[in-house]
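Given the coordinates of chain A, assemble chain B onto it according to the supplied hints.
Line by line, the protein sequences give chains A and B.
Using the working numbering, the letters of the first sequence map in sequence onto residues 90 to 486.
Using the working numbering, the letters of the second sequence map in sequence onto residues 90 to 486.
Everything labelled a hint here was simulated from the structure, so no lab data went into it.
Some clues are possibly wrong.
Identical copies carry no separate label here, and so any pair may be met within one copy or between two of them.
Below, computed lysine-lysine pairings styled on BS3-like, alpha-carbon distance capped at 27 Å [claimed, not checked]:
(1) Lys150 - Lys371
(2) Lys150 - Lys137
(3) Lys119 - Lys137
(4) Lys433 - Lys119
(5) Lys433 - Lys150
(6) Lys433 - Lys137
Only a predicted model underlies this, so the values are computations on that prediction, with no experimental measurement involved.
There are 2 protein chains.
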Amino acid sequence: MKLNELPQTNWRLASRAQRMNPSFIREILKVTERPGIISFAGGLPSPKTFPVAAFQEACAKVLRDDGQAALQYAASEGYGPLREMVAAMLPWQVDPAQVLITTGSQQGLDLVAKVLVDAGSRILVETPTYLGALQAFAPMEPEVIGVASDAGGLDLDDLSRQATDARFLYVLPNFQNPTGRTMSEDRRAALSQRAAALGLPIVEDNPYGELWFDAAPPPPLTSRNPEGCVYLGSFSKVLAPSLRLGFMVAPAALYPKLLQAKQAADLHTPGFNQRVAAEVMKESFLARHVPAIRSLYKSQRDAMLAALAREMQGLSLEWNAPDGGMFLWARLPQGMDAIELLPKAVAQGVAFVPGAPFYAQQADSRSLRLSFVTATVEQIDAGIAALAASIRAYARE
Amino acid sequence: MKLNELPQTNWRLASRAQRMNPSFIREILKVTERPGIISFAGGLPSPKTFPVAAFQEACAKVLRDDGQAALQYAASEGYGPLREMVAAMLPWQVDPAQVLITTGSQQGLDLVAKVLVDAGSRILVETPTYLGALQAFAPMEPEVIGVASDAGGLDLDDLSRQATDARFLYVLPNFQNPTGRTMSEDRRAALSQRAAALGLPIVEDNPYGELWFDAAPPPPLTSRNPEGCVYLGSFSKVLAPSLRLGFMVAPAALYPKLLQAKQAADLHTPGFNQRVAAEVMKESFLARHVPAIRSLYKSQRDAMLAALAREMQGLSLEWNAPDGGMFLWARLPQGMDAIELLPKAVAQGVAFVPGAPFYAQQADSRSLRLSFVTATVEQIDAGIAALAASIRAYARE
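Bound conformation, chain A alone (with noise of 0.2 Å):
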C-alpha cells in the first residue's frame, strides 16, 4: 500500500519523501539489541570514556552560578566561549566569529545542503563515503558522485575528471566512516593543489581526528586553504554523543548564510549543552581525557587485529588495520555478499555492517565494517569468531 495512496489521508508526500527509505543501518541496529548479540555494527563510541563526574560537577555549576540563564533561548552562532575554545583547539588560525555550533556535525552536514545544493546538483563523495552524509544531502536532490578512491584515499585523476560542475567534495581524511582509511599528507597536499586548480570547494568532516593512536593525522585540508573549505567538527567522540554538540568553521563569504539556515533548522543548538561542555572542557580537560580514549581503542583495535588474524586463518578475508579511529574495513572472498552474511552472522551471534549503503553508486557487496569500539575485548574476541563460524558457513552452501 502506497502512503500517498491512503484513501482516508490527504496527505500528499513531497517527492523527496515518496523516495525515502527506511535505513538499513537503522534496520539491523534493531537486531543488533537483541540480548546476547555481540555487535560490531553501531558507531557507538565506548560508555566507559564518557566522563560522567566531569558533567556532574559541570551541571551542578552551571545551573548554580548562571542557572536563568543557561536555561534561556541563546544565540544561534552558539556560546561564545564554546565557539572561542573551539576556535583555539584547531591547528590553523580561526577567528571565533568564523565558528557555528551545530546540533551534533550531522547538523553541518543539513545545513551545507541547504546553503549550496540545488536540486540536480553535482557533488561528489569518496568511495565509499559516511551513509548519514548521504542522507543528510539527499532532501536538497543532489547528484551524487562517488570518485574513485584507494586504500590511501581519493583518486585525484577521478576527481579531476568528474570536478566540472560540481558544487563542492566531501570528505574525511582522518580514520573515514567506513573504511578506517587516512590520507596521507602527500595525497592531502596533492588533494588540496587539485581542488584548488579545479575550482572545487571542500567540504571536510573530521569527527574521528583526535582518536588517533600512535601519531596524529597530517593537518586538515581546510589548514591549507580555509577560504575554499567548511569545516566540521564533533564533541561526540571526545566528550559524549548524548549532547549533539558539533561545530562548523565556515568562511567569512558562506557563514550568514550557514547561520540562517540553522536559525531556520533549530533556532540554536542547547545552549544549556554547549554551557556544560565549556564548563567540562576548561583547564585543558581534553588533554588529559583524550589519551585515555586513544589508548582503550587502540587496544580494542589491537583486539580485533589479533582475533582476525586467528580466527580468519584460511578463509580469504581481507581488512585492514586503522591508525585511529573507530572502525575497520574488512572484504568477504570473490562470490560472497555482506548483505546475505548478515543473517548468518545474526544466527551465531555477531553483526556487523554490510559496506554496500555507504557507495553512492556502484557498490562493492563484498565489503563489510566492523567497530572496534563499542565490544569488551572479550567480546571481540568472541565475536570475530563468531563471524569467522559464519563465514564459514556460507563458504559452505
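Same frame as chain A, now just chain B:
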C-alpha cells in the same frame, strides 16, 4: 558585493541561499541587547519561571543513576518515557508510537517541509503568521499563501478559495504568534469540517496553549481529526527554551518519513536533555509549575493593557487583549509605519517587533507585536510610556 561573485572563492550558492536575507527580527534583537533598552521585542519567556532547582536535582539524578546511558547515542524517535509523558498529557487518544521528539518545535517545521513540500508547492498560512515557520519552510521553496484572517482567526471562505492543490494549512490556534489571538470553539469546529471537506491537511502548532489566563482554550484541531493533522508542541514555554525540546504527533502514515528526515537532520534530539526533562516532569510537576507561569504572565498582560490605556490616550493606537500566551498585537494610526517607528522608539529606550515580516504576502505596515512576558511590570510601565512618546514624536513629523 554579491557573495557568489567573490573572486577568491568558488562557492556557488543554492538558489534558495541566494534569496536568504538576514532575519529582520534578528537584527532588531541585536539593537535591543544594548543596555538600557526596554524590550517588548523578543519572544523570551520570563527567566523567573525556569525551574532551576528542579533541573539541578534532575541532572544530578540522571547522571548518578544511569550516566553512561544518558550520555550515549539514542533513538531518533526520542526517549521512550518522555514520549509516553507527551502522549499522556495531550487531550486526545495518542499512541506514544506517534510521538517524535524534536530539537525544539522549530525543527518540527523543518521536518514537515522536507516531507510535504516540493519546490512550488502551495502551502497556506494565517495572515499574519509565525515568522520562524516562514523561515523553516523556505528551504523547500514553497509558494506560501496567506489566507485572510480576522481577530478570531482564519476566514473559512477565503480558505476554500485558496485550498486547491495546497499541501497543508499551517495554523496556530492558541494565543498565536504574532497576534496573540485564539480561535473560538465554533471557528475550530467549522475549520476542522471545512478542511476535511476540502481534503486539506493541517499542521497545527501549539507552543503557547498551556499559557492560558482565565480558561483553557478549546481542544486542538488535531483532536478532531488526528489522521488529517500533524501536531507540534514544545517544552520551551513550560520548562525552559535552552533545552531545545519539542515534539510532533504524526499520523501513522506520515511518521516513518518524518522520522527519516529527523535522523538525517541531527540523528536525534539530545538524549541527556530528554532524560532530564522526563525526570523534572515526573509526579505531575507541570500541574504545579504551569499555574505559576499563567499567573505571572496574566499580571504582566494586565500591566501592559493598563499602561496602554493610560499612555496611549488620544493617539488612535489600537490593540487587542489576548487570553493567554506572550504577545499582544497593536496597530498604529493611519499613515504610520511600524518599521519607521522602530528607530524612534529605540531612541526613546524601548523596542518592539514591526508586524510586516510576519505576513506571507501583503503586509499591514501599521501593525506591531509587543511581548509582555520578559519585561518586569516597572519596565512595562516605563516602556509603554516611551513607546507613546515615540508615537507622539512620529505624529509631529
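What hint numbers does the structure not satisfy?
The structure conflicts with hints 5 and 6, although it agrees with all the remaining ones.
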